[in-house]
Amino acid sequence: MFYRENGQFKTSYKADQQAFAIPQDRWAIYAIVAFAFIGVPLLVDEYMFRAILVPFLILSLAALGVNILVGYCGQITLGAGASMAVGAYAAYNFLIRVDGMPALAAILLGGLVAAAAGIVFGAPSLRVRGLYLAVATLAAQFFWDWAFLRIKWFTNNASSGSVSVADISLFGWTISTPTDKYLFSLGILVVFAVMAKNLLRGNMGRQWMAIRDMDVAATVIGIRPMYSKLTAFAVSSFYLGVAGALWGFVNLGSWEPAAFSIDRSLQLLFMVIIGGMGAISGSFFGAAFIVILPIFLNQMLPLVGSLFGLEVSTALVSHVEVIIFGSLIVFFLIVEPHGIARLWATGREKLRLWPFPH
Amino acid sequence: MKLRKLAAAASLVAIGLSGALTTPAFAAEEQFFPLLVYRTGAYAPNGVPWANGFLDYLKLTNARGGVNGVKMIWEECETGYATDRGVECYERLKGKHGGGTAVQPLSTGITFALTEKAPVDKIPVITAGYGRSESQNGAVFGWNFPLVGTYWMGADVLVQHIAKKEGGFDKLKGKKVALVYHDSPYGKEPIALLQERAKMHGFDLSLLPVAHPGVEQKATWLQIRQNKPDYVFLWGWGVMNSTALKEAQATGYPREKMYGVWWAGAEPDVKDVGDGAKGYNALAMQHGAEPDSKVVKEILEKLHAKGQGTGPKEEVGQVLYMRGLISSMLQVEAVRVAQGRYGKGKRITGEQMRWGLENLDLDQKALDGMGLGGVMRPVKTSCLDHMGSAWARIHTWDGKKWNFTSDWYQGDEKVLRPMVMLASAKYAEEKKIKPRTPEDCKK
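Those protein sequence lines, which keep their order, are chains A and B.
Residue numbers for the first sequence follow my numbering, so the first one is 1 and each next one is one higher.
Residue numbers for the second sequence follow my numbering, so the first one is 1 and each next one is one higher.
Do not take every clue at face value.
Claimed, not checked - Rough simulated footprint, nothing fancy, chain B against chain A, three-plus residues with beta-carbon under 8 Å: (1) 158-166; (2) 288-299; (3) 310-321.
Claimed, not checked - Once the Cα atoms are required to be at most 27 Å apart in a straight line, the calculated DSS-like pairs of lysine-lysine come out as: (4) A:K152 / B:K442; (5) A:K152 / B:K306; (6) B:K117 / A:K197; (7) A:K197 / B:K175; (8) B:K442 / B:K431.
Simulated from the structure, these hints should not be mistaken for laboratory data.
We put the CB at the ideal spot given by N, CA and C, even for glycine.
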């Protein structure tokens, strides 16, 4: 009913090739984006912005980067946190060492530096695959962790190894209030998501997917594995680098290498696995699941306890939170191993037939 | 079908929750404190007693009738020592019950993150005995209060102590000191001061980082066995401390030559090692374990005897419990000072709280009155000095309890002040902060 496609004729190749070929999808996306830009700032409070929405947006961007590499090109990585760190520290150094460097330029340059680092540490993917590659990318994680902890130049000789940046500004717009931060992150995320969508439908994305599905066959039909694997590492690291710079500049304001530790890499990988590998929307679902759900549980449990007249201690809450969160991960992986995005895709297919399934 | 059932259940829960969410209006004036604590995770053994002491003093204040009748209220949030969760907790609690008065995160990482937010939210960040050392300079760090002690001051006292043991600063020349530290901003804080002191007195400083959470220290202690430093400074937290002591025992490094910071000198750190930790020294941030102090007796009598205390009764008066208690006391007293200016018996705002914290003046009489006589020395802060007191002692574990084994030391202003000014000036430049002048302070 909602998805009735009767009478929707495509009369040109252009219409057939657009990103969202079904008008309902297209309008839904427009509506969501419009709501995110206009509706959300009117509705939610500071807590939602600062503690939930901004981290969610930035980690979605990072998950998108990981998804490009893991979900689309099939190259597993445990060095996602390292790419974020490279982006953040590179952007920081551009900002403080170059006079009059605009913040946005610093963030993008940070992304480029991360892309370069990603190519270097992606090189082992030309030789090794699967779990071995995961171990090789782990090297990147430990190397950059070490570098930012030990090499003082990167942190501008800060005595405790923690760096901080002032509020950033963009064409005279100072990004300081939570709403500003939200809108800035959202703007970047939308631009990058559109870029990803188009990249993945195009030549490059198809090469990546060919490599993912069977790299020998891909080579036989004329795809250069070196070029496509390294571009996947570069693009993915670029996304991660920009996300890392945003995480430092916009979300934290001051950070230490621990913000981009191995935990972050695993968290991003889990986001992609739970959200859905090889689906852009999976990055968003995964980020929402990992960022928002624990906080939601943490706040709901005391309330649920008080319904039954129980005083729940803080320690118990966080124990139960971990238990429920863990069980939900297992639940989703059993019910739908392809991730939440696949659940949504199945639902959508059903909707297209509803109310007359054959 | 299944979906419909689920939806029905979800909506039922939602209705129930919205009922639970509405809080009754309160009559009396109340002062709200957001409590960022960690009772779970790798650092829980140390986080729990601190939180219990903190909470008990707030309860005691209420049992004493509040501050001029104003009751203390609080809400706990579990951070697990993780920075992002800590920030989330802070955001969640800061606006509740008319706004948070002050926040004490008990984590250097969270402190760094909240330092960015404090000037915007106008909620002071109290870091009694931790946090950024340069935040002592109130002109630049207007909202940070490293009351009673900073790491630079602590490290300075340790150097003074070993100099005294050796028979003077000139005897330190050529000595070897190893710093075994938690590889985080917390552990790195003392390095700057120790390097400065090493330059002054010509001792040799080696830096041995230990990765979080600190259970893997074999390599570190191998290095110590090879280098044979004359002294080891231990800048650990949680399980790292007891691991270090066990490794020292295994390596045969004399515990008498080990000195911990005040976060590495409490019962949870040595209890499991027992006799193996005998002779181990640690800084005491003024207080040590104070089971005989008057305030502890009052808490046992007014709270724990009635079953209103927090945590086990046996832990009341232990080192970290007392640390939490004193941290809590300092903020309650700041509320009292602020009320003196902005109206007795009224709720104060975060901004007024800052004034209270900057004009804290606890003399001996006041401390005696609170039952803290002999536990700590007077504290007097000002707009430019947010530390207020630079005294510390050394205490030593005898296998069963902590005993004081040194006189009082005071951090050397001649060494500390220039470092604080330099580091805070750099911060001000980075963050484009205009330092406050003495005139600004009068406002």
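Here is what the structure says about each hint:
1. 158-166: With 7 residues close enough to chain B, the hint holds.
2. 288-299: With 3 residues close enough to chain B, the hint holds.
3. 310-321: holds (count 6)
4. A:K152 / B:K442: With a Cα-Cα distance of about 39 Å, the restraint between K152 of chain A and K442 of chain B is violated, given a limit of 27 Å.
5. A:K152 / B:K306: Roughly 54 Å between the alpha carbons, so the hint for K152 of chain A and K306 of chain B is violated.
6. B:K117 / A:K197: violated, 36 Å
7. A:K197 / B:K175: violated, 63 Å
8. B:K442 / B:K431: Holds. K442 of chain B to K431 of chain B sits at ~24 Å (cutoff 27 Å).
The structure fails hints 4, 5, 6, 7 (numbered hints given earlier, in ascending order).
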